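Q: Numbering of the sequence shown is given in this note's numbering, commencing with residue 1 and proceeding in unit increments.
The set of hints was computed from the structure by calculation and includes no laboratory data. Please read all numbers here as calculations on a predicted model, not as lab measurements. Just to be clear, a hint being listed does not mean it is correct.
To be verified - Computed Cβ-Cβ distance ranges for the label pairs, DEER-style:
#1 Ala38 - Phe8: 50 to 56 Å
#2 Glu89 - Asp185: 29 to 35 Å
#3 Pro50 - Arg83: 31 to 37 Å
#4 Arg26 - Lys242: 35 to 41 Å
Virtual Cβ for every residue (Gly too), placed ideally from N, Cα, C.
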Amino acid sequence: MTQPQVPFDDRGLAYGDGVFETVLLREGKPVLWSYHLARLRRGCQRLGIPVPCQEALDATWQGIAETPLEVLKLIVTRGSGGRGYALPESPMPRLLSRRTPFVPATARWQKGVTVRLCRLRLGHQPALAGIKHLNRLENVLARGEWQSADIAEGLLADMHGELVEATSMNVFWQRQGRIYTPRLDKCGVAGTLRDALIEQGIVREATLPVAALPTLERLWVANSVQGVWPVITLVCHTGTQKQTWPLEPVDDFQVAAHRLLGYAAQ
Numbered sequence: 001m002t003q004p005q006v007p008f009d010d011r012g013l014a015y016g017d018g019v020f021e022t023v024l025l026r027e028g029k030p031v032l033w034s035y036h037l038a039r040l041r042r043g044c045q046r047l048g049i050p051v052p053c054q055e056a057l058d059a060t061w062q063g064i065a066e067t068p069l070e071v072l073k074l075i076v077t078r079g080s081g082g083r084g085y086a087l088p089e090s091p092m093p094r095l096l097s098r099r100t101p102f103v104p105a106t107a108r109w110q111k112g113v114t115v116r117l118c119r120l121r122l123g124h125q126p127a128l129a130g131i132k133h134l135n136r137l138e139n140v141l142a143r144g145e146w147q148s149a150d151i152a153e154g155l156l157a158d159m160h161g162e163l164v165e166a167t168s169m170n171v172f173w174q175r176q177g178r179i180y181t182p183r184l185d186k187c188g189v190a191g192t193l194r195d196a197l198i199e200q201g202i203v204r205e206a207t208l209p210v211a212a213l214p215t216l217e218r219l220w221v222a223n224s225v226q227g228v229w230p231v232i233t234l235v236c237h238t239g240t241q242k243q244t245w246p247l248e249p250v251d252d253f254q255v256a257a258h259r260l261l262g263y264a265a266q
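Using the sequences and the hints given, assemble the complete structure.
A: So this is what it looks like as structure tokens:
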């Protein structure tokens, strides 16, 4: 397959001026497609980028599936033009896409994972909060804090010490039998699985200081591609163990989330 060539003056390449989506395809059909479209449109509207037409977006996943599960990555940039940071008068967005075979990490569903608290703190920018824009340097720096394969994810807090997200997943916790996820009105990415779980009333938004993590009944990281990973061990950025949680024989939250993604109960 011929790879698309991005011009040197593309604003997504130069400035991170655009948005992207990472979509699970099951038998060639996009999972949670309406949620991905809604977030992409929110992101484009927030940045003032014309939204690609529905026909063009649908064309990115239509065709013969190579494997039962694939991941579709969509990128929408503002295109080329404008002088420096100045916006082009008539932007011509550029839509890029790629499909790749995918196999979920089912062992992490079943055995749980270890996560670490990242040293990096997220800055507040409400104008960009929630959308999946192309400038993900904070997440890149946070992910660079560890190399051990034993660490599955890193948890990120903001400058005030409030839990926000993981480097590439959303965070969920249980307290007094209820499931919560951080509010994302100042920073962070609102995942599509997160949106679906909130809409169904399974999850509520709340704030949580990272200092309170050891007091939680359960903790999970999840996204719409990998599914739900139960957290069994939390370590500090120094590698010191901070908290452990038992792995439940039946994880009702995971079952509910995986039902939305079409993953069988494990």
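Q: Would you mind marking each hint as holding or not holding in the structure?
A: Hints, one by one, checked against the model:
1. Ala38 - Phe8: 50 to 56 Å: The hinted range 50 to 56 Å is violated for alanine 38 and phenylalanine 8, with Cβ atoms some 32 Å apart.
2. Glu89 - Asp185: 29 to 35 Å: 32 Å, holds
3. Pro50 - Arg83: 31 to 37 Å: The hint (31 to 37 Å, Cβ to Cβ) is violated, given that proline 50 and arginine 83 are roughly 20 Å apart.
4. Arg26 - Lys242: 35 to 41 Å: 36 Å, holds
When the structure is compared with the earlier hints, violations turn up for hints 1 and 3 and for no others.
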